[in-house]
Structures are given as structure tokens and as C-alpha cells.
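Peer 1: Chains A and B, in that order, are what the protein sequence lines are.
First residue of the first sequence: 1, per my numbering; consecutive thereafter.
First residue of the second sequence: 1, per my numbering; consecutive thereafter.
Hint data in this document are derived by calculation from the structure and do not stem from the laboratory.
Cβ coordinates follow ideal geometry from the N, Cα and C atoms, glycine included.
There may be inaccurate statements among the hints.
So the derived label-pair ranges between C-beta atoms look like this [as the list claims (entries may be wrong)]:
| hint | chain 1 | residue 1 | chain 2 | residue 2 | range |
| --- | --- | --- | --- | --- | --- |
| 1 | B | Ala-44 | A | Ala-30 | 50 to 58 Å |
| 2 | B | Arg-213 | A | Arg-7 | 28 to 36 Å |
| 3 | A | Leu-16 | B | Thr-56 | 18 to 26 Å |
| 4 | B | Met-104 | A | Leu-112 | 17 to 25 Å |
| 5 | B | Val-105 | A | Leu-16 | 50 to 58 Å |
| 6 | A | Trp-119 | B | Val-105 | 36 to 44 Å |
| 7 | B | Asp-217 | A | Trp-29 | 36 to 44 Å |
| 8 | A | Leu-13 | B | Ser-184 | 35 to 43 Å |
Part of the chain A face toward chain B, derived, beta carbon under 8 Å [to be verified]:
| hint | residue |
| --- | --- |
| 9 | Met-20 |
| 10 | Val-24 |
| 11 | Met-26 |
| 12 | Trp-29 |
| 13 | Ala-30 |
| 14 | Val-31 |
| 15 | Leu-49 |
| 16 | Arg-52 |
| 17 | Gly-56 |
| 18 | Ile-57 |
| 19 | Gly-70 |
| 20 | Leu-73 |
| 21 | Gly-74 |
| 22 | Gln-75 |
| 23 | Gly-125 |
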Amino acid sequence: MSEFRERPWIIPLTFLAALMLTVVPMPDWAVPYRPEWVAMTVIYWAMALPGRIGIGIGWGMGLALDVLKGAVLGQHALGLAIAAYLAIKLHQRIRVYPLWQQAVSVGAMIALHLLLVLWIYGITGHKAASWAYWGPLATSMALWPWVFLLLRDLRRRCCLR
Amino acid sequence: MVFLVLSLSLMTLDHRFGHLDRIREVLEVAVSPIQYVVNLPFAASDWASDSFAARTTLQEENERLHREQLLLRERLQRFEGVQQENARLRELLEASQRLEQRVMVAELLSVDLDPYKQEILLNKGSRDGVRVGQPMIDAEGVMGQVVRVNPLHATAILVSDPSHALPVQVIRNGLRTLAVGTGSPERLELRHIPNSADIRVGDIVTTSGLGGRFPPDYPVAEVTEVERLTGEPFARVEARPLARIDRSREVLLVWTGTMPEAEPAAEAGAAPAGEAP
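Could you build all of it, start to finish, from the sequences and the hints given here?
Peer 2: Written out as C-alpha cells, the structure is:
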């Protein structure tokens, strides 16, 4: 009977894992390609459970990211709130896409998030003016199908709908 | 919409006015378990390699350290003599005394921060007496300074950050300039050096102490490139930081002058040695 009980704590757990993956040290050559774990997780949950995971949670995760990375408070929060908003707005359409199309749409959301973050970098005087800045976008899109399948599996096991 | 306005106002408050230091401190403590957990495997592997090292390796290391200590002690003896002499001469010149300094070893946490800012996280915080603005050095030279503290950790900005500038002077002739970060850990830019100035490749620059933040005479960088541009008022001079900015695992935090609860500096000045040579 415990098979069918909801286990909602899996959501904060995945967020925690995403935050940890964001600060795990990587070899220097890989640093520009670190996928946007937090953005992917926020977008997934906003798409899968739009009633439960809203813009507020996206914003809160962004704030956690800001603090963790030592960025200006609100920088990632702004980007992620908008990404979550788009995910909720479009969830019915994106959910039925095949995986690769999903990856493209999610890529668009992450690109918007990165663009906003880049603007704020520019405004606060930390230029990151090289193409390497967009590395995370490519890896996030490439990894999206796996992240999606993993999180969907977790969600089904924990009976969340 | 609400969140948009909220983030924008947060950013303005944080960036323009710095009102949110208190809140940031609380939030930083709240996320520190994440940093702790991420750091854990690296700390564990360090510990393991320490405790399972072969006996011969340890013996070799021990021997090497003994030799090194002997050499350093010999140098320290001479240094103390010179220091006393320097103090006496300064007295004669009625110049102010150099301040005593105290240092503390801090370790880097294995946590990647924002790749577009040159910042690192240290395992000492305000609980250990660390405060904002404190200089940070390693065994080779100046690394940076502390920009944020919370009770558990401190964040330090490196000299190579583009928003960091450090008043320095060339050790050979006292030429003063500014060392500005470029964003690459291998390169600093020395600004506002006239084309006619006497500076060449291989010159060592040290802190000048003019900013009031860094104590004078700590080595900073070695000049690697001097390009005199006719037509431009200043030469383009580049230098390589002496500190092993992207490799050091341990750093030293320096207190200068009087600290509220400063313990007496263990080494400098306390010893009664010092005949004039």
C-alpha cells in the first residue's frame, strides 16, 4: 500500500542535488560546459507539476544559486523566474513533444535565462564576452532527454501527479 | 510580475547600495551545508592520501622539511638582526615603525563559484576573526583580499579579478603603479606607466602599502611583457602573479596593526635576539 503513497520530498531532494552539481569542482577545461542543472530541474518540475511548482519556487532556487555562487542577489532569480513562467505557460504543448523537440524548447528557455544573466553581468561590470559563455546551453540541451527521463521516472516512482 | 520587480529591486539594493549584507550572510549560512557536502569527498580523499601514505614517503618528506626548517631558521636569525637594525635606523630617521603582523592559515573549499568572477571560498569565517578587506597571501605572493564573511566561511576576491586593483611598486627602483586583474589567473595588467618609465621584463613588483589595505613589501608579480606604444601616452605592461592563484590549497590571512583580540605575533619582534651585524 505504501506503493501508492505520495512522496513529495523527492522534489526538494532533486533541487538540492541540482544545487550541489552546480558547485562541484570540475577540471578547468570542463568548467565552461557545466550544464545548467538548476534551470533544468526547475523547468522539469514546473512543466510536470505546474500547479505545485510555480514561479515562486523558481525564483527561490535562483536566489539560492545567487548566494551559492556569490553573484548579485536576484541575478539568477530573475532568469529562473522567467524560465519557470514560460515552462508553466507552455507545459501542455511541450509535454507532448518528442524528446528532441522538447530539448529545443527547453534550450530556448535556458537561453533566455542565460541571456538575462549575461545582461546583468554586463550591467554589474563582469564581462563574460566570449562564446564559451554559451557552452552550458549546448550541454544542457544535449543532456535534457536524460534528465527528463530520470526525473520522470523519479516522479512516477514517488507517485506525484 | 511580482517576482520580476522583486528581483530587480533586490539587485539594485545589493549592487548599488549594499544594504543586503546582513541578509546575504544569513542566506550564505543557510546554503553552507551544500558547500560542506560538496567539499566532503575532496576533503576525505585528502585525508585518505595523508593517512595511507607510505612510510618511506613520510620519512622523505620529514627529512626534506627538517632541512628546509634549518635553512629558514638560519635565514630568520639574520632577518631578526636586520629587523632590529632597521627599527633603530627608522628611529634615527624619526620614521614611523612598521606594524607587526599576525597570520592565520585558511583552507580553500573545493567548491566552484561563478566562473566569471575570480573568487574563492575559505573555510574560516567571522567566528575566527576574519573580516572584510583582509589581505590574503600564499607562500609565493599576494593572492587577493576578503570581500564577504559569514560566521563559517569567507569569500575572497583574487588579484586577477577584473574588478580588483592593487597599488604596487617595482622593487628595483620604487616606480609606483597599479596592478589590475584581467580575468585570467596568469595575467595582471600594470596601468599608467609612461612610455619613458624604467621598467623591464623580469622586474618584480611588490605591494606599496599605499592603498592602506595591504601591508607593504609583499611580492605580487613578475613583469612578463613591456610594449612601448608610440602614440599612446602609456606603455602596455603585463605581469604574471607570483602567487599560485589557481593551485594553492592553503592560504594565509594577514592581520596588520592592532586587532581587537590579537594574540602577540609569535615570530617577529618578540625574540630578544639582534646584535647589529
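Peer 1: Hints first: check each against the structure and report whether it holds.
Peer 2: Consistency of the hints with the structure:
Checking the proposed 50 to 58 Å range against Ala-44 (chain B) and Ala-30 (chain A) shows it is violated: the Cβ atoms sit about 22 Å from each other. With their beta carbons about 52 Å apart, Arg-213 (chain B) and Arg-7 (chain A) fall outside the hinted range of 28 to 36 Å. Look at Leu-16 (chain A) against Thr-56 (chain B): about 43 Å separates their beta carbons, and that is not inside 18 to 26 Å. Roughly 44 Å separates the CB atoms of Met-104 (chain B) and Leu-112 (chain A), a value that falls outside the hinted 17 to 25 Å.
Between Val-105 (chain B) and Leu-16 (chain A) the beta carbons are some 31 Å apart, a value that contradicts the proposed interval 50 to 58 Å. For the hinted restraint 36 to 44 Å between Trp-119 (chain A) and Val-105 (chain B), the CB-CB distance of approximately 40 Å keeps it satisfied. Separation of Asp-217 (chain B) from Trp-29 (chain A) is about 37 Å and conforms to the stated range, judged on CB atoms against 36 to 44 Å. Between Leu-13 (chain A) and Ser-184 (chain B) the CB atoms are about 38 Å apart, so this pair conforms to the stated range of 35 to 43 Å.
For Met-20 (chain A), the shortest C-beta to C-beta distance to chain B is roughly 5 Å, which falls under 8 Å, so the interface hint holds. Interface hint at Val-24 (chain A): satisfied, since its Cβ lies 5 Å from the closest Cβ of chain B, which is below the 8 Å cut-off. Among the interface hints, the one on Met-26 (chain A) holds; its C-beta lies about 7 Å from the nearest C-beta in chain B, closer than the 8 Å criterion. The interface hint given for Trp-29 (chain A) is broken, as the beta carbon of that residue sits about 12 Å from the closest beta carbon of chain B, more than 8 Å.
The restraint placing Ala-30 (chain A) at the interface with chain B is violated, with a minimum CB-CB distance near 10 Å, outside the 8 Å limit. With 8 Å as the threshold, the beta carbon of Val-31 (chain A) comes within range of chain B, its nearest partner Cβ sitting at about 5 Å, so the hint holds. Annotation: interface hint on Leu-49 (chain A) violated; nearest CB of chain B at approximately 18 Å, more than 8 Å. Annotation: interface hint on Arg-52 (chain A) violated; nearest CB of chain B at approximately 17 Å, more than 8 Å.
Using the Cβ-Cβ criterion of 8 Å, the hint placing Gly-56 (chain A) at the interface with chain B is satisfied: the shortest such distance is roughly 7 Å. With 8 Å as the threshold, the beta carbon of Ile-57 (chain A) stays out of range of chain B, its nearest partner Cβ sitting at about 10 Å, so the hint is violated. At about 5 Å, the closest approach between the beta carbon of Gly-70 (chain A) and any beta carbon in chain B falls short of 8 Å, and the interface hint on this residue holds. Interface hint at Leu-73 (chain A): satisfied, since its Cβ lies 4 Å from the closest Cβ of chain B, which is below the 8 Å cut-off.
A cut of 8 Å between beta carbons decides the hint on Gly-74 (chain A): the least distance to chain B is about 4 Å, and the hint holds. The closest approach between the C-beta of Gln-75 (chain A) and any C-beta of chain B is roughly 6 Å, which is under the 8 Å cut-off, so the hint is satisfied. Interface hint at Gly-125 (chain A): satisfied, since its Cβ lies 6 Å from the closest Cβ of chain B, which is below the 8 Å cut-off.
In terms of the numbered hints stated before, the structure departs from hints 1, 2, 3, 4, 5, 12, 13, 15, 16, 18, listed from lowest to highest.
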